[in-house]
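There are 2 protein chains.
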Amino acid sequence: MAEIENIEAMDFDLLVEKRTDELTELLDKRDMKQLKRRMEEMNEFDVAEFLTEIGDNRMPMVFRLLSKEAAAEVFANFEAPEQEQIINSITDSELAAIIEELYVDDAVDMMEELPANVVRRVMRTATAETRNLINQYLRYPENSAGSIMTSEFVDLKKYMSVKESFARIRRIGEDKETIYVCFVISADRKLEGIVTVKDLLLADDDVIIEDLMDRNVIFASTTDDQESVSEKFSDYDLMAMPVVDKEGRLVGIVTVDDVLDVMEQETTEDFEIMAGILPSDKPYSRTSTFEMWKNRIPWLMFLMLSATFTSMILTSFEDMLAVQAGLVAFIPMLMGTGGNSGAQASTAVIRSLSLGDTEPKDAFRVMWKEWRVSFLCGLSLAVVNFVKMLLVDGMVLHNDVITVAVAATVSLSILFIVMFAKVVGSTLPILAEKIGVDPAVMANPLISTVTDAVSLLIYIYVAKLILHI
Amino acid sequence: MAEIENIEAMDFDLLVEKRTDELTELLDKRDMKQLKRRMEEMNEFDVAEFLTEIGDNRMPMVFRLLSKEAAAEVFANFEAPEQEQIINSITDSELAAIIEELYVDDAVDMMEELPANVVRRVMRTATAETRNLINQYLRYPENSAGSIMTSEFVDLKKYMSVKESFARIRRIGEDKETIYVCFVISADRKLEGIVTVKDLLLADDDVIIEDLMDRNVIFASTTDDQESVSEKFSDYDLMAMPVVDKEGRLVGIVTVDDVLDVMEQETTEDFEIMAGILPSDKPYSRTSTFEMWKNRIPWLMFLMLSATFTSMILTSFEDMLAVQAGLVAFIPMLMGTGGNSGAQASTAVIRSLSLGDTEPKDAFRVMWKEWRVSFLCGLSLAVVNFVKMLLVDGMVLHNDVITVAVAATVSLSILFIVMFAKVVGSTLPILAEKIGVDPAVMANPLISTVTDAVSLLIYIYVAKLILHI
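Heads up: the sequence lines are chains V and B, in that order.
Residues in the first sequence are numbered consecutively from 9, following the working numbering.
Residues in the second sequence are numbered consecutively from 9, following the working numbering.
The following block holds chain V by itself, in its conformation from the complex:
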């Protein structure tokens, strides 16, 4: 955020940087009055960023300059370590005030990240009502619609008029996460429809909600996966989505800003899984060395041990490779090409599955397509490699072992390896999806271990066939 009046160049990031410098100067001069005034004008996200950047024990002191409302909003924008630092430096009554001001989804997020003793103190200071609400929300499974929803929405009744609805929105709207989508519920809290403020504004005052509301509601159940919730937001261009329980009762809403966070989180998780890292909620800069080791070592260890098969294959054909020692030089290239080909296919298919573009029932269509693509890719690589081996390795580098037969062996192996890698790379993720495993697991590291072993076998058998060894 930036005061439009001060704009010299229209560059938002520069303006933010300049302001941070000014705030730091005020802090160093200990001009708390001016600092407080500036922070009150700022967006709560920027205040949280600024406070995080202070990074020392002056931070809680500066935080306490904020008004009660601003304090809660800034607090919601902190990450867990700063939240903990604040909680440990304020009084019980200050803490209680913040907890009551927080949206319940932000409070729940916080509870999931904080250490147990801090959680106990928070729960002790909260009112009984808030405590019950938080406890109820904490019971929804991780990454479910229930775990990301919030309780601060505007509910209307279908017999209300537009005028009455606006009166209700004005009365209770202040503290709601959104007022632009209102939820029409029956006496027993069953969801009957939704109505937007746009509908209300464009209608006459005496129209009844029942005649205005949209009964075609896009909704989620509390146990739905958060990924399917975010897919619906993007498909239907939603601002907010109601979450209902098994009986169709409205229990909460998910707003689009939470969906942006879900998308970031799910993407990070996919990246991590595909690189053989155990997924964690913590950002890189906040993860300790030991935690990083814990997240990375399982796959590394498993993949290293699985490579025993490759070693065994190589050992058992040792005599043959000794006859044609030159063949060994091309093993890394063949394995690399197989691994890269498989990674391309698996990544493309995994992404397509997660966007809902490919479904398990498309397995044969995908396989057939990858078969053709891999034939084209394999053929192009084989031809170029054949020419390269004869010209570069043979004539320029004077490698004596390169004969036409050896070049043909390596090139034909490339063709088969690429075809194998691409077809397996594209099929395994679909298979995983079918049996309910995250397809991302079937990505690069695992597939390359399989293709490594098979590449080697292909190479050895092609060599036997062509070179008669």
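Read the hints as simulated data drawn from the structure, not as lab findings.
This one's a predicted model, so the numbers in the text were calculated from it and none came from an experiment.
Cβ atoms here follow ideal geometry from the backbone N, Cα and C, with glycine treated the same way.
A few of these clues could be false.
[Stated by the list, open to error] Cross-link-like lysine-lysine pairs, in silico, DSS-like; alpha carbons within 30 Å at most:
#, chain 1, residue 1, chain 2, residue 2
1, B, K290, B, K396
2, V, K166, V, K198
3, V, K76, V, K44
4, V, K165, B, K184
5, B, K472, V, K206
6, B, K184, V, K76
7, B, K472, V, K165
[Unchecked claim] Selected chain V positions facing chain B (in silico; Cβ < 7 Å):
#, residue
8, R178
9, D207
10, G284
11, S288
12, L308
13, F338
14, P340
15, C385
16, D460
[To be verified] Some chain V residues flagged as far from chain B (calculated, every beta-carbon gap over 10 Å):
#, residue
17, L103
18, A416
19, I443
Given chain V, put chain B in place with the hints provided.
Relative to chain V, chain B alone:
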């Protein structure tokens, strides 16, 4: 979407599936009247999905059942092939009606995807005003804020009262992408502030906009990257963001539904780049075999040819490896472990860079952290490998070449290789970001080619040192 009244089980996806079956039945019975009635009640995204699923020449006929407004909305939800099919089967006046109803960002998206001859026909049928607007928007660079913004927003003046503002929103709001955020501009169209409908609703009728508006505007410039726009939406929890030109004049707005699409698109692009695929806008299922070959072959070819270095290294140490033939068996495992370690580090750092959690200035902190993590990982792997080689390869598989010295050689190599791979894997993406190259390029395939060659050299020199060969 689903009629709440018909709900038996609260499962949204089942309800949608059931409805699609009913619609298909109506179509097969040729009950067009009933089909039209059902489609008019549905969400435009669902209608578009249903029409796409028809997948034959009945589709345009069913499309023409829709009312004028519904037609444009459904049309905007189509992908390019269906848009083309429709355009080729309707009259010029039907086409003109759809074009005028489209939001300009949807029209621009469409123009970028359609073949040239179809674009010409669309432009010919549009009014001069629409044509100029589309042409102006098409000039913004790809993936810039300008290229995703739209022109349908509510503008207010700061001297207006709340009552006058509501009157204006009611008058012009119908066709705007959002009415919930209104943009306050001066006589020369400079952006002065924003005001939300929530602010307006909670204020008295005679308050003046100037006293209500927020001057701390989060804005983008037309040339800003769309990724930085989507980051701001997620940081500041925005619904809409103004886009200004170099003089600070408001030229368009970006809405949160477009940001969801941008995030999906950017994620797909990152996945593709990291797997060595040239990024394309087309979903997997819509990409032809030839296009897939074109996107995949450049990196495969480049990486295959770069592996020439590895071959050369192996060839030049051929004599040495012949003495200790058993050493060859562990080369794939060492290269694989190096590749996996590098991929973990590069993926973690690339993701952290793209979330703004790590910045180029953190290079040394990242390197130091990876150094410690890689030492822990390398040590764990080395110890396990040492024991495994002596017990499994040596005693169970009776591999005679395995001595304590050989096991020590391989294990020590693992330690060095993992440390090299992790430090290089984490540093290259930061270097790329610093010099303005997409860090994702520095991901798996490229790094594994570098680590392959270096892993081999490390192995050979460790072997020379320990085995004295």
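These are the hints, each one checked on the structure:
1. B:K290 to B:K396: Violated. K290 of chain B to K396 of chain B sits at ~47 Å, over the 30 Å cutoff.
2. V:K166 to V:K198: With a Cα-Cα distance of about 12 Å, the restraint between K166 of chain V and K198 of chain V holds, given a limit of 30 Å.
3. V:K76 to V:K44: At roughly 13 Å apart (the allowed maximum being 30 Å), K44 of chain V and K76 of chain V satisfy the hint.
4. V:K165 to B:K184: holds (27 Å)
5. B:K472 to V:K206: violated (77 Å)
6. B:K184 to V:K76: Violated, at about 36 Å.
7. B:K472 to V:K165: Distance of about 82 Å is beyond 30 Å: violated.
8. R178: holds (6 Å)
9. D207: This interface hint is violated because 11 Å lies over the 7 Å limit.
10. G284: holds (6 Å)
11. S288: Interface hint status for S288 of chain V: violated (10 Å vs cutoff 7 Å).
12. L308: OK, holds: L308 of chain V within 7 Å of chain B, min 6 Å.
13. F338: Cβ of F338 of chain V sits 6 Å from chain B, so the hint holds.
14. P340: holds (4 Å)
15. C385: holds (6 Å)
16. D460: Where the cut-off is 7 Å and the nearest Cβ of chain B is about 6 Å from D460 of chain V, the hint holds.
17. L103: holds (24 Å)
18. A416: holds (16 Å)
19. I443: Non-interface label on I443 of chain V holds, nearest chain B Cβ at 19 Å vs cutoff 10 Å.
Consistency with the previously given hints fails for numbers 1, 5, 6, 7, 9 and 11, ordered from lowest to highest.
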